[in-house]
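Trainee: Residue numbers (the working numbering), protein chains in the order written: chain A, 8 to 445; chain B, 8 to 445; chain C, 8 to 445; chain D, 8 to 445.
What the hints contain is simulated information worked out from the structure, not anything from laboratory work.
Where a beta carbon is used, it is the ideal one built from N, C-alpha and C, also for glycine.
A couple of the hints might just be wrong.
To be verified - The calculated DSS-like cross-link candidates involving lysine-lysine, where the alpha carbons are at most 30 angstroms apart (straight line), are:
(1) Lys9/B - Lys55/C
(2) Lys55/B - Lys198/C
(3) Lys420/A - Lys55/A
(4) Lys443/D - Lys25/A
(5) Lys25/C - Lys443/B
(6) Lys9/A - Lys443/D
(7) Lys25/A - Lys198/D
To be verified - If you anchor each label on the Cβ, the simulated ranges turn out as follows:
(8) Val141/A - Gln418/B: 50 to 56 angstroms
(9) Leu11/B - Gly353/A: 46 to 52 angstroms
(10) Asp289/A - Lys198/B: 51 to 57 angstroms
Number of protein chains: 4
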Amino acid sequence: MKWLNDRLGGLTFPSPLKLSSHRGDQIADFVDDDARILVENDWNVLQKQAKEPVELEFFEKSGPRARIHFDPGSIRAAIVTCGGLCPGVNDVIRSLVMQLHYHYGISEILGIRYGFQGMSIREAGTAIILTPSVVETIHTYGGSLLGSSRGPLSPIEMVDFLQRRNIRLLFAIGGDGTLRGAMTINEECRKRAFDAAIVGIPKTIDNDIAFIDRSFGFSTAVEKATEVLACAHAEAHGAQNGIGLVKLMGRNSGLIAARSSIASGYVNFVLVPELPFDLDGDNGFLAHLQHRLETRGHAVIAVAEGAGQDLFVTTNSTTDASGNVRFEDIGLYLKQQITSYFEKKGISCTLKYIDPSYIIRSTPANTEDNIYCTELGQHAVHAAFAGRTGTVVGSWHQEFVMIPMSLATAQRKVIDLDGHEWLAVLQATGQPHLMKNT
Amino acid sequence: MKWLNDRLGGLTFPSPLKLSSHRGDQIADFVDDDARILVENDWNVLQKQAKEPVELEFFEKSGPRARIHFDPGSIRAAIVTCGGLCPGVNDVIRSLVMQLHYHYGISEILGIRYGFQGMSIREAGTAIILTPSVVETIHTYGGSLLGSSRGPLSPIEMVDFLQRRNIRLLFAIGGDGTLRGAMTINEECRKRAFDAAIVGIPKTIDNDIAFIDRSFGFSTAVEKATEVLACAHAEAHGAQNGIGLVKLMGRNSGLIAARSSIASGYVNFVLVPELPFDLDGDNGFLAHLQHRLETRGHAVIAVAEGAGQDLFVTTNSTTDASGNVRFEDIGLYLKQQITSYFEKKGISCTLKYIDPSYIIRSTPANTEDNIYCTELGQHAVHAAFAGRTGTVVGSWHQEFVMIPMSLATAQRKVIDLDGHEWLAVLQATGQPHLMKNT
Amino acid sequence: MKWLNDRLGGLTFPSPLKLSSHRGDQIADFVDDDARILVENDWNVLQKQAKEPVELEFFEKSGPRARIHFDPGSIRAAIVTCGGLCPGVNDVIRSLVMQLHYHYGISEILGIRYGFQGMSIREAGTAIILTPSVVETIHTYGGSLLGSSRGPLSPIEMVDFLQRRNIRLLFAIGGDGTLRGAMTINEECRKRAFDAAIVGIPKTIDNDIAFIDRSFGFSTAVEKATEVLACAHAEAHGAQNGIGLVKLMGRNSGLIAARSSIASGYVNFVLVPELPFDLDGDNGFLAHLQHRLETRGHAVIAVAEGAGQDLFVTTNSTTDASGNVRFEDIGLYLKQQITSYFEKKGISCTLKYIDPSYIIRSTPANTEDNIYCTELGQHAVHAAFAGRTGTVVGSWHQEFVMIPMSLATAQRKVIDLDGHEWLAVLQATGQPHLMKNT
Amino acid sequence: MKWLNDRLGGLTFPSPLKLSSHRGDQIADFVDDDARILVENDWNVLQKQAKEPVELEFFEKSGPRARIHFDPGSIRAAIVTCGGLCPGVNDVIRSLVMQLHYHYGISEILGIRYGFQGMSIREAGTAIILTPSVVETIHTYGGSLLGSSRGPLSPIEMVDFLQRRNIRLLFAIGGDGTLRGAMTINEECRKRAFDAAIVGIPKTIDNDIAFIDRSFGFSTAVEKATEVLACAHAEAHGAQNGIGLVKLMGRNSGLIAARSSIASGYVNFVLVPELPFDLDGDNGFLAHLQHRLETRGHAVIAVAEGAGQDLFVTTNSTTDASGNVRFEDIGLYLKQQITSYFEKKGISCTLKYIDPSYIIRSTPANTEDNIYCTELGQHAVHAAFAGRTGTVVGSWHQEFVMIPMSLATAQRKVIDLDGHEWLAVLQATGQPHLMKNT
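Next up, chain A with everything else stripped away, as it sits in the complex (with noise of 0.2 angstroms):
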């Protein structure tokens, strides 16, 4: 695996900071331009990993350096926010632009709007100038300032809009789809041979992203689903036979359920896209959830958008003969299930179904996010002058790394099944290991 970072070139400038190259001084240190964090801390797979020190793995340390690549006053920044909203994306712009204004003393900000549409030529005009007062207060809302689109733009283009403006650092926060266009437009840069850093924060509300500690927003999301489980427990808790049913979001990774679920208290059951399940049987998850009802009265269940996807073929080429999928959505899918198992059982149950949607999504940043958000926009502008390019920026066991893009979109987080995180949940929510008939 790729694990430096491409670099532009020297770091000819010293830095505007004024740290210190001293530890014990008490004032902040530079970070040397060789800093790395070692990527495992397992002893057992360290073991293995490294037969001689020198070949473990490394992720390259994020801060300002002492000598920076880029003359300040000569250049231009430029935001871009890209893909569905996620808590926080305010919060980076704000730092983003206090760090590059306050910090590195850039003169000019653009803020790209509606994502990488906003530098095409048609919309190139639509680009807002950002200050310190512009994004002051804007860590207290929801959205992005500069708005989203989806779907990528010629790198041609885009490349063509930063070198006309002579924006030298380009900051992209968005998704897996936004990355991969972040690194077309790099490319496309290193072959015009136009000296741009094009750095990216990650953003992915499931938090999915491999080889980072957490992405931000996650946290919001889950402190928002939490709520929303309390209030499936209180309609379940209700009625007789009470079952409330939450979707939540988690395509491929189902940890925004999962946390919520071990902060909850009050799930009984939580079906991620990494877990295979079945819906009948003796050991299938309606009859796990017919013997909690007979016992306590009421159940809770989290599931995530991405769950049992495989229910969805097996029911369809049972039962559709035209072979189209004709559920989508798992969420409604479980809702009808359940209740026609209790009706074909005989028992009568109240099912509650919430889908929160884009009120997850959709609402400012909590305290963690925010404080998380700040960092990652101090550390974005730091890997810029550093000269990196094609990176992204993140915490991995508690320290700010560069990690390439390629790397960062090779693979995808998910829960692991085997491993303590998917235990906690287990032992929190009282769930059998298996839902699956043998």
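Given the coordinates of chain A, assemble chains B, C and D onto it according to the supplied hints.
Mentor: Just chains B, C and D now, with coordinates in the frame of chain A:
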């Protein structure tokens, strides 16, 4: 109209409350049994109403009587909660128990499980004993400690339940249907000459009970709805031609949508059941929505679930041969209509639809509702000991009053489109007065 | 008492509002200029008051008039905020600006900085132009966009400021002192025959303005106070003989302490300015507190800052030779008295004292207050265009009315110890009716 | 340094947990008893540390063992909470009870009342039985279900308490002092050869325990502190030369002040115990504050309670003949110094001082802390069954580890003024690197 409440008979016993009958001694006073509150306070209306002052309409004022109808030492009380959840149900239960236990000295209070069904012969054993320690912290939760269900039970079965246990005070927390059920209990009690007070605490999250300033839970519902509208605004604002569409509660009365739209500060259109509107045409909703997008780039719409029900008939009669009403959900219907309207116009837009549903009703009561619930519980107990029956309690023009159930259920409170409350909505949102083609 | 407001003169111009004068056409109606709301609604009081119906007291009903006193196209408006912070100040400012701009078409609205001082010759240049985009999001913050200060300014200087800029509508948001200041402005305007409407929006977090259902910010203050009381309960409950003591706002009226104590559900003693109480003696507060600790192991006390002021004199006159009032802070004084009382008794206890101070008043308005502030802003503008001056707006028995400033400042609203509101507090807390030795 | 924990002896019994020992079977795995986590992950430090890989420092990894030291069927467990309140104490209690009851099958769990004192002979009878239903909802409250107290008890008395009741698992939730007390219990147990596991869950709201990523409650404390800082900003912003001064927790470590100042986005100065600063002089704090007022018109200051303690000595030695330390409270001291400084300069300013004190520590845990507490409770139980004693559990670089109490109490975590965390604070606030005259 019938403003006076049924009375069980004389006020035979001295109140155990150590209150005063003299104003000015700094000890809270008993309320005269014939104290009354004027219904109307608009001078113009009053002048028409009252050719002679004695003909003015009034409510009976609620509060502790110096002499009471029941001997607290020899009777039992019971509490039942029916219908859908509403913020504050637990707060009312808690207040009733505290008041009955600490102030009137009722030694046993039964909590009936899962609504009127809990009084059936089959379920009668499920009732629980309510004490101060059982209810001490329940005001911090949403839902109902006792559980709820819908649907009536034979008054004979219910009065059997009461009579066997010597329950002379029954407090029913519920909506229209519950109050009608309580009226049948009351009639059956009278028929049997079973001396019991049946007192209701009206529950309607929609705030659509006439002759009551506001119903409990409404303030909380508006608060939660306002949060959701802020989410819709973040979504709308974050996209080119972004539209945030939120469906809120309100079958007959759009008060939640109306009030939360004022609070939000970001809503542009509020569609309520009281307001007839066209979708199409020059002065239709869709044309106004298009104008908003063209001038401001985004829009937020709040729609009450009972709004625009006349639209379905028209649609179906023209497009569906079978004559079935296909669209039952105004939220999903609007989502579809808006999307297809702009598609036809070739205008690209991004619509985000939010249906918060149970999230709003299962939340704990906010401070306003908590206080009001506490007072309602206290006054319901006062009313029962004052020998009133078939009565609900509520606040009217800042005073607590007792109102006959028959009156409280006779008509619904709806938004007066000619009145100042709706004007406040129109002025806060900028919505046109009429969206109807002539 | 003087219930009618001063009028500037005729209603010369047609209103720019497109409202209706016919009930039942589903278009919001203008309000008749002589519409009135009855002050009293208690039947017993009314019967005494009114031997003849015409003698009943009433307020002028607020709302839009079909004809107005000013030509909106030729005048300016200004807004000033004075005194201490209160939740909702920004909401009122926002509503005034939106109403003036969008509905009455005022082209320039000045925001005066830092209270009346901002109208002085020295500071006159600091005023800012208020537009919808300036105020769009300010309702999400606490504080005052305009800033505030205390203290008056010469009416001559202030009217000079208005007259030079052709400011014919002045909206003053402030408390008693501010309203008195506004009255001097009004008198000076009348003296000069300067045709300007001076309208107040009464601000008192203590809710102690008479003749108004409630003042804005009060609901939020009660909510925040309730949160603090929950903290005090956690502290008290977590220690043997734990005592949680919270000092809340309320110089003359203990309404914040009273209402938040009901909401909390955990308060045992509420000490307010209206309630005389002894510390010592068999029926003194300390003996009751000791009893509470002995029977329940912990206690929570809410004390309003103006409570027990008579205690200081007594204490000092007996213990301090110099005659100086040594204790000015009832919170700290109680803390000391309670601690030394139990020390003397040899009873170990743990007292935690919380003074939330500015936390409560600098918080953003909650939903209830936000809506009320929005309506107050709308009605203040209606009042000014109706040619009323020296007027405040407020709600009375669920209607919006206009009240002369002289009446609004003539007396304070205090808790009626004989009334039902205080009874609700006593019953919710279990506090003795009197803690006074005879 | 001593990284390995004491072990009680062999892992004699099979675990009742139905986990797997094979990776990849989608069943959560037992953790090898010798699994370890590397302490350091900075490459430069590692290279110095490790001439040979085997010498690297590591922690023992926490988690369920396939074989355990105790037979769950024959022992009892107990829980004790000591010291000041901290958000999350109830969450830890709840998780311990749930884990012991449902997963390890402990039949009786004692809750010791009011700290170590509850194990004294006098108080021994006050302990309560903890079951899942007792703790079911306690995570929604602040405080401690069990109550707390300060101060130690003789280890002999405490081990007598344990031995008489066959309590073999003692979970102590508390700070430094508590862990030292637990160490004396552990030693006394070893002395008597009483086979009991003493496991600590370190509690410090200041987050100042070394070798742990974060302590529970810290996230909540930062969140509440951030709210208070927003209040201070509203106050400061609302007055000419307004100053908001907030005192926050942090006796030795200013982490709450530091992190909440980042989150707030409005703080200009953060004074922490780690940072020496002068008040006077050209480069002193007061000169910088004056500069801020002159350029921006308002300022917000966060001060940790342990900051600037050296100032008192100096002040007193120069101004107070008796040599007594007169000022103990840096918040009040700063308030006075700032006020008199600007008075002397003839600059009018308005300072609002907020001391939120107990509000921050008595609040319920937020979602982050709730999850962490749940995991801590689970791992504490795993640790005890793994036969570790004199051990605390915590997270280290995203893994849960077991750390000897002696190590955990050996040093405090403080802010590294040369490190990246403090740099983030300086960059977010704009505070000078040094406020010290040379």
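Trainee: Decide, hint by hint, whether the structure agrees.
Mentor: Status of the hints after comparison with the structure:
{"no.": "1", "hint": "Lys9/B - Lys55/C", "verdict": "25 angstroms, holds"}
{"no.": "2", "hint": "Lys55/B - Lys198/C", "verdict": "41 angstroms, violated"}
{"no.": "3", "hint": "Lys420/A - Lys55/A", "verdict": "22 angstroms, holds"}
{"no.": "4", "hint": "Lys443/D - Lys25/A", "verdict": "16 angstroms, holds"}
{"no.": "5", "hint": "Lys25/C - Lys443/B", "verdict": "16 angstroms, holds"}
{"no.": "6", "hint": "Lys9/A - Lys443/D", "verdict": "45 angstroms, violated"}
{"no.": "7", "hint": "Lys25/A - Lys198/D", "verdict": "57 angstroms, violated"}
{"no.": "8", "hint": "Val141/A - Gln418/B: 50 to 56 angstroms", "verdict": "52 angstroms, holds"}
{"no.": "9", "hint": "Leu11/B - Gly353/A: 46 to 52 angstroms", "verdict": "49 angstroms, holds"}
{"no.": "10", "hint": "Asp289/A - Lys198/B: 51 to 57 angstroms", "verdict": "53 angstroms, holds"}
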